[in-house]
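From first to last, the protein sequence lines are chains G and W. Per my numbering, residue 1042 is the first one in the first sequence, and the count goes up by one each step. Per my numbering, residue 754 is the first one in the second sequence, and the count goes up by one each step.
None of these hints come from the bench; they were simulated from the model. Zero decoy hints are in this set.
Restraint-style ranges between C-beta atoms, simulated for each label pair:
id : chain 1 : residue 1 : chain 2 : residue 2 : range
1  : G       : V1185     : W       : L780      : 39 to 49 Å
2  : W       : D1005     : G       : D1130     : 34 to 44 Å
3  : W       : I1079     : G       : P1163     : 52 to 62 Å
4  : W       : D935      : G       : G1055     : 38 to 48 Å
5  : W       : D1005     : G       : T1098     : 29 to 39 Å
6  : G       : V1056     : W       : M1143     : 43 to 53 Å
7  : G       : E1129     : W       : R807      : 40 to 50 Å
8  : W       : E959      : G       : T1166     : 35 to 45 Å
9  : W       : R1050     : G       : A1053     : 41 to 51 Å
10 : G       : E1104     : W       : P938      : 55 to 65 Å
11 : G       : T1166     : W       : P1007     : 38 to 48 Å
12 : G       : E1129     : W       : E959      : 56 to 66 Å
Glycine residues also receive a C-beta, built at the ideal position from the N, C-alpha and C atoms.
Okay, here's what each chain looks like letter by letter:
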Amino acid sequence: MTALKLTQGILAHGVIAGAEWVSVPRERLRETLTELKSQGYESYVFMTCVDHLATPTVEKPPERFELVYELRNMKTHRELRVRVFVPEDDPRVHSAHDIYTPANWDERETWDMFGIHFAGHPDLTRILMPDDWVGHPLRRDYPVGGEPVDFSEDHEVWQTAPPEA
Amino acid sequence: MPDTRSEQTLAPGVTITREREVGGDILTVNFGPQHPSTHGVLRLIVDLDGEVIRRVKPVIGYLHTGIEKQMEALRWQQGVVVTDRHDYLSPPINNLAYALAVEQLMGVEAPPRAQALRVIMSELTRIASHLIWLGSSGIELGAMGIFMYCLRDREKVLDLNEEISGFRMHTSYIRPGGVTADATPRFLEMLDAFIKEMPANIQEYEDLLTHNPIWIERTQGIGYLSAEDAIRLGATGPMIRGSGVPWDLRKDRPYCSFETYDWEVAVEPAGDCYARYLVRIKEMRESTKILRQALDRLPGGPVNVDDRKVLPPPREELDTSMEALIHHFKLFTEGYSPPPGDVYVAVESGRGENGCYIVSDGTHKPRRVKFRAASFVNLQAVEHMALGHMIADMIAIIGTADTVLGDADR
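The shape of chain G in the complex, shown without the other chains (with noise of 0.2 Å):
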């Protein structure tokens, strides 16, 4: 198991449809992904964001927002799933760019859709959406838009701001 290879620091891992995943507290992003880097997770897939606001599961994640990062290992083809939770009032965690370049621009993808600040990045600016724009599109509480439709379900939930967004 990848994931017992880790010196220390994990705060959870398991599998999950067949992928591995390790739960990492935000101080310990940049070592576990340093460390993981020179365990052969060269290969860096994607990195985002997860907002469980109001999430009906069962098990309530711990905090809102859920930094996910898919890395790779080209030699032996597996993957790992590397879990950060940020606070919604602290929404901040440091950047990897350094550590895997094209984590960059994901960076920005995700400071621009869901606010979260990262730590330490060159160019922390809104990438798809224009400079001027206010708010962060994919956080759950920001309304999709679009006319309104009567009595189609969950219109008043999606086609409206909740009072404090």
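Fit chain W to the known structure of chain G by using the hints.
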């Protein structure tokens, strides 16, 4: 400004050497976003020292359509239609990534005939995507004729799309649980004819370009990307195989029984634009080989899983079976709900690794759908490849990176 190369060979034996001063004024030039050779709406901010590129900053987002946000507002089976539209040159491959991810989360597997049809559609799409790339790259670098030949053959792929799914571009053909419709006998005939004539057509493209001195001059030695850099920059698809790394998801992480077909990974060691061109030509040949095998041993049987919780019952059953009616009603009002969890599935598109990461919270709509777009990652390597080249080479470098901006911006 004097020439940047200190030494230039004009003809065999005739070499001129020039001295030049480095460190003149830097001129910042804005490319795009509406330049025809940027394959969509890509904007590049380029710092030029004379004609030499000193910095490239791609600015993307002009085609952002909020596809990932839309997916969260749609039911799982409705999302298929949206997946067509991010990489608009390879819709069936995008469908495939999404369908495989949803199937993996729900623990269902499409029947063998559906798997074979998926292979056929994804290889046809790869050929069509490479043809558009070849034709448009040819025009950009001054080879006007090749475009007509490529479009002629791409048209046949679109006809095949239309015959099997009813749509020419956004087919929505592959869906969780199987495919929308079985192949018609006419489709199989058309496919057979297409496979028979394709090798001669590919030879035609090669006759036009492979030994064409202008094509070679514009692409050989341009945009070099070493194998280490390709891995470091996360490049995939023809970008990494053109640098000599035999990485192809169809071989290395097989899906849809790709491991049972007899074909070779197209690899070229040179790492320049010409190598990426050769890789794509070879991939078209290999795709034709896969198509031939898939057609010859196309298994019989159903094209959809026999699971009423995933796909609706046949129309005839609705008249006689109350249970079928209930399943039909449930599927089209609420839809299905995969168990909570997340899964990432990567497939090899014409541009590289196009993956789909989905998170379910146990409801009938996705919590999060993320597309890992090959164009988005490959575009980050453009600056590395372009530094130190002349401005005119920029076009060859963007062209052979083969980015689709709809894919990068989603």
